[in-house]
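Make a model of the complete structure from these sequences and hints.
Chain residues, written in single-letter form:
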Amino acid sequence: MPTIVSVDDSTVPGEGSSRLLLLVSSDNKHIVVEEDIMSRSRFISKQVEGFEATSQRHAILLPFSSFVLNKVIEYCSHYRGYYLLEDDPDAAPPGRSPVREWDQEFLDVDRNMLLRIIKAAHYLEIKSLVGSCARAIADMIRGKTTEEMREILGVENDFTPEEEHSPSSKCTG
Amino acid sequence: MGLDFPSLPADVSVMLLETLPGRDILACGATCRRLRSLVTDSVSLQYAIELFACGMLDGPRGPQSLSIPDRLDRLRRFTAAWEQLQWTNRVMLSHFVGFRPCYDLSGDMLALTRADGLDLMVSRQFSSELRGIDEHHIVFAVPGSSRLSNFQVSLDQDLLFFKELLPGNSLRLHSRSLLTGETHPLAYISDVTNAAAYIHDICGDFLLETSYLDGPALSQLRLRNLKTGLVSKNGMPQDHKRAIFLDKHHILSVGPHIWGLANLSCLVLLPAPKPTRCRPRVAASTPILPTV
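Respectively, the protein sequence lines represent chains A and B.
Residue 46 in our numbering sits at position 46 of the first sequence, with consecutive numbering throughout.
Residue 1033 in our numbering sits at position 33 of the second sequence, with consecutive numbering throughout.
None of these hints come from the bench; they were simulated from the model.
One or more of the hints may lead you astray.
Distance ranges between label pairs, derived from CB positions [said to hold, decoys possible]:
hint, chain 1, residue 1, chain 2, residue 2, range
1, B, D1011, A, E164, 24 to 30 Å
2, B, P1021, A, E164, 21 to 27 Å
3, B, S1149, A, E164, 53 to 59 Å
4, B, L1246, A, G143, 27 to 33 Å
5, A, H165, B, H1137, 47 to 53 Å
6, B, P1063, A, P63, 33 to 39 Å
Here are a few chain A residues that face chain B, going by a calculated C-beta distance under 8 Å [stated by the list, open to error]:
hint, residue
7, L115
8, I118
9, V130
10, I141
11, R142
12, G143
13, L153
This one's a predicted model, so the numbers in the text were calculated from it and none came from an experiment.
Yeah, the Cβ is synthetic: ideal placement off N, Cα and C, and Gly gets one too.
The following block contains the structure:
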């Protein structure tokens, strides 16, 4: 949980139905965004409910950089007002359905960035974005050998020689 | 540069791997200790791997359907059962005394006819715990049951198809409903043909007939629509004797042995034959099965 910094009500002006939120990134950039853009994020929605309960509005501190945050806001603005099935709390995981075309272009970034976006989306509880990123990463390793996967996923082979040949599933043994 | 995948939260990693085929999940589980334990500990990933290992596909998932742990459990019991097949206790079919088995039929169906010339026939569905099917059987009258052979069953169409040898080297084709024993309401063919070395096979709407007469020129292959009677294909590779359906689009035909080796050829039906219908199509809402 980020620490919640109290700010003056004047920094977050309410403007009719579409109120503004102040988000603060880890590199201490202040980003003002309309509340209903970010309503896709369960995390932000819960914060806003908290504001309503206490009738006090705060800046929301987020543990990732403004670069990533802007990317997430871009995603949320694009789908503003759209219903996405994956965001439904009861929806099944996306499974093997293809990534939406716009998301594919949106996620055409380097691996490091993709990882940061998925972590931010997970933190903000945006299920549709987590799903799209996950499928984008899955597509990178689909059909690859174990050695290629290590390279792509950035993991080291830390098995002892015996372990390496024991199966990771009962049914292959 | 790598992704630094281990820094992802476990539930996200699992969700990511769930979108991959079983083969890739296995490969991924072999990359490092952390990913191996992730794969081993996740029920849904184990389920995906086991499905892959036994070449199955997952069924539909809805609010009413089985949960993943239940599916995994059932799948494991299923594969374990295949590994240690055992004879079940013998079940006496007491009220079928006097019947002789004619043919084993697909999908747990067995058809029996009376050996003593009484014109009765039994079709019997064995129970299956796994598929939730209860055992049931029906007895129905077929004239000349001792002359019946070449049983074909199509469970999804409730169709039992067989031939009856008639005196004078001819035969009649029968199509019955498995549930009632009545003549099948949709299958149209019930004609008399020349019986010489005649064999048939059905697949979907289609009846594949072959008859092999002594001269190679006389062997015949004919593909007909069961429901309309339309012939959509005639002819056979030279010298071939027999043909069966492999699936909807492939017919396997068997020719004479060459140098002691079986001579098979596969006829591919592409696109799937779609004969025009001579009867109006049955509306989707019309019940196909007669009420039992």
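Taking each numbered hint in turn, which are not upheld by the structure, reported in ascending numerical order? Every hint satisfied by this model.
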